Amino acid sequence: MVSALLPCVDHISSLIEGIPEGRLSPDAAQAATGARLLAGLEPYLSEGSAPLPPATAEVTAGSDAAWHLDLRFGPDCLRNGMDPLSFLRYLSSLGEITHVVTDTDRLPEAAAMDPETCYLGFAVDLTTAAPKSEIEAVFDFVREDSDIRITPAESSLDAYVKAIRAMPENDRIGDVLITSGAVTEQEMAEALRIQQERTAKLGSATPVPIGEILIEQGIVPRDIVDAALSKQRRTTETRSSQDTRTIRVDAARLDKLIDLVGELVIAQSSTGVAGGGISEAQSEVMRLVDEVRHSALSLRMVPIGTTLRRFERVVRDVCMELGKEVSLVITGGDTEMDKALVERISDPLLHLVRNSLDHGIEQAAERRRHGKSPQGTLRLNAYHDAGNIVIEVTDDGHGLDRDRILAKAVERELVGPDAVLTDAEVYNLIFEPGFSTAASVSNLSGRGVGMDVVKRNVGALRGSIEVETTRGIGTTIRIRLPLTLAIIDGFLVGVGPSSFIVPLDRVTECVELPVGQLGRECMNLRGEVLPFIRLRQLFHIPGAEARRQSVVIVEQSGQRTGLVVDSLLGELQTVIKPLGVLFSRVKCVSGSTILGNGEIALILDVGPLIADHSDREVAALGV
Amino acid sequence: MTDTPLRRFAFDDELTIVTAAEHRERLLAALGDSHGVRLDLSGVSDLDTAGLQVLLLARDEGARLGLPVEFTEPSPAVADVLALTRLEL
Chain L
1 MVSALLPCVD HISSLIEGIP EGRLSPDAAQ AATGARLLAG LEPYLSEGSA
51 PLPPATAEVT AGSDAAWHLD LRFGPDCLRN GMDPLSFLRY LSSLGEITHV
101 VTDTDRLPEA AAMDPETCYL GFAVDLTTAA PKSEIEAVFD FVREDSDIRI
151 TPAESSLDAY VKAIRAMPEN DRIGDVLITS GAVTEQEMAE ALRIQQERTA
201 KLGSATPVPI GEILIEQGIV PRDIVDAALS KQRRTTETRS SQDTRTIRVD
251 AARLDKLIDL VGELVIAQSS TGVAGGGISE AQSEVMRLVD EVRHSALSLR
301 MVPIGTTLRR FERVVRDVCM ELGKEVSLVI TGGDTEMDKA LVERISDPLL
351 HLVRNSLDHG IEQAAERRRH GKSPQGTLRL NAYHDAGNIV IEVTDDGHGL
401 DRDRILAKAV ERELVGPDAV LTDAEVYNLI FEPGFSTAAS VSNLSGRGVG
451 MDVVKRNVGA LRGSIEVETT RGIGTTIRIR LPLTLAIIDG FLVGVGPSSF
501 IVPLDRVTEC VELPVGQLGR ECMNLRGEVL PFIRLRQLFH IPGAEARRQS
551 VVIVEQSGQR TGLVVDSLLG ELQTVIKPLG VLFSRVKCVS GSTILGNGEI
601 ALILDVGPLI ADHSDREVAA LGV
Chain F
1 MTDTPLRRFA FDDELTIVTA AEHRERLLAA LGDSHGVRLD LSGVSDLDTA
51 GLQVLLLARD EGARLGLPVE FTEPSPAVAD VLALTRLEL
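Residue numbers (my numbering), protein chains in the order written: chain L, 1 to 623; chain F, 1 to 89.
These are computed hints drawn from the structure, not numbers from a lab.
None of these values were measured; they are calculated from a predicted model.
Note that beta-carbon positions come from the ideal geometry of N, C-alpha and C, so glycine has one too.
All clues given are correct.
Ranges of calculated distance between the beta carbons of each label pair, as one might list FRET restraints:
#: 1; chain 1: F; residue 1: HIS35; chain 2: L; residue 2: GLU134; range: 50 to 58 Å
#: 2; chain 1: L; residue 1: SER86; chain 2: F; residue 2: GLY43; range: 17 to 25 Å
#: 3; chain 1: F; residue 1: ALA79; chain 2: L; residue 2: ALA129; range: 23 to 31 Å
#: 4; chain 1: F; residue 1: ALA79; chain 2: L; residue 2: MET1; range: 54 to 62 Å
#: 5; chain 1: L; residue 1: ILE194; chain 2: F; residue 2: LEU6; range: 48 to 56 Å
#: 6; chain 1: F; residue 1: SER45; chain 2: L; residue 2: GLY218; range: 32 to 40 Å
Pulled out of the complex, with its shape left as it was, chain L reads as follows:
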């Protein structure tokens, strides 16, 4: 049924989209779609398994309700040709009149009686399925000068009270009463008029409660008004408590605040640098600024769940198209990340999901042949890991075919025919532009565009992407993103006159560069070989090396590398200022920041830095 209804939603929204463009009636294609969808819905109708919900919330709908009618006809109604008796007769056609009391008390003495004046009143108990408004309509002709009161009988009070309690939240008591059917719109309008009149007469600022007027006018009994009032109160309470819990803020204002906090962080670190010694007050300010920074950043954090849940529809649609059975499992939906990141990661994720569905998960028949459950599973998982957010797209399909990828890469001359590549290197080939091993091209994927775009998008967010796959078991694609785009914890290092910032979450430790070289650019770290990069050489910084150099050990994707620097200057909260377009092709540097002393420090992009270095090493060795 859901599969039948989802396209209907699409169809309706496409119709609605047409309206602003001036297409008031559907075009031929849309009409055809509409007809097809209707036909698709037909079976659910004819089965009649689900009864239609009642159109109104009125208690009286479908079941009999008891009413008490108090009828005081105007003295002139006989002269106007209205016979109260005929109203009674008509009422008996609406339902069953269970009780009538004819009130003759107003009949005067014989001498004073005018035979053409109506003196009689009636109290009628009526049981009917008709709603109150219909009963009310009976007396339309005599309403002007008569006093007609229709109240729910005592016996049905409970039903109304119950109905009012069961109603959806509504903070307008009038609406509650009208929806319950205890009061008609006409009565409510009258009561409102009385309310206004009285407020004007008394000149008081607070109007008489509408409920009081309704009771006073004998329209509804107090019990019902009380039920409606408590409903109204509860609604207002829940609403106001919700209001206090969340507040909508313009994203631009938030960005402005984050910006200011960024400036504050910079200014604060400059006091630290300029002051030399740090007084107690200063350290208190530092602590506060740090807290402000944290809470300002958390303002931008949103759970990733809503984005991930959007893929349920995608998975469903793609599966329909491919004839596969796949269940989507989402975990870690409440992992929070920067709102801007969430928005920008959504498209790459979409591509990965489609890819997994199309290429990863096999057809049910093939899955059975391999002894797997015919229903595939796609997992979306998100979690925090050391200052990063990690999003995993995991399928239990057939995994990547290493040989085929390699063969394809050789064919496309991406790698030499006799190159020896690690598994990770092979799998990373799928991110090359135009790379596809798919035998067939579908309209979903397989055209060789996409994975490179995914990689580029993730890279633009300072993230990384890795593939983990086991032949026949499945593939996991892991996207690693920084928590936020604006501020990072950096580690400030100096090389000669220049300063650099290494993202602190990449730094594992710092050691002194041992004297006496091994000859190559590597050192012995507790028995392990640690390659290192001399920043001085990398950035061609002039000047003599410091007497004692230090090595900052950074880790990227499990690979450790040392960065040789002149001095370690300590931790620093770094507000990232993006490099201009002029430097957009610069690798190894992800941005810059302004230091407290007004100087500029470059922020090192550890991933490309290490990758480039290994490339250069390979090249050097090759020669």
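We have chain L already, so just place chain F on it with the hints.
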């Protein structure tokens, strides 16, 4: 006095707003110079609220004057109205 026969009072037409004033005069006059009346309702072809009021008036007036007022042989039209209003005459 109790032996005195009640004065018979018959209606031979509708008892509605059209004739109510006329019937009221006649009834009050009849009550005024008798020891009680017996209203023969068999001839009432139609009865409306005004007519019903006249009948109720006669009943009340009789009670006020201490004179018996009896209603006999209600016609179908009268019986219908009495059933509708749950009144007993």
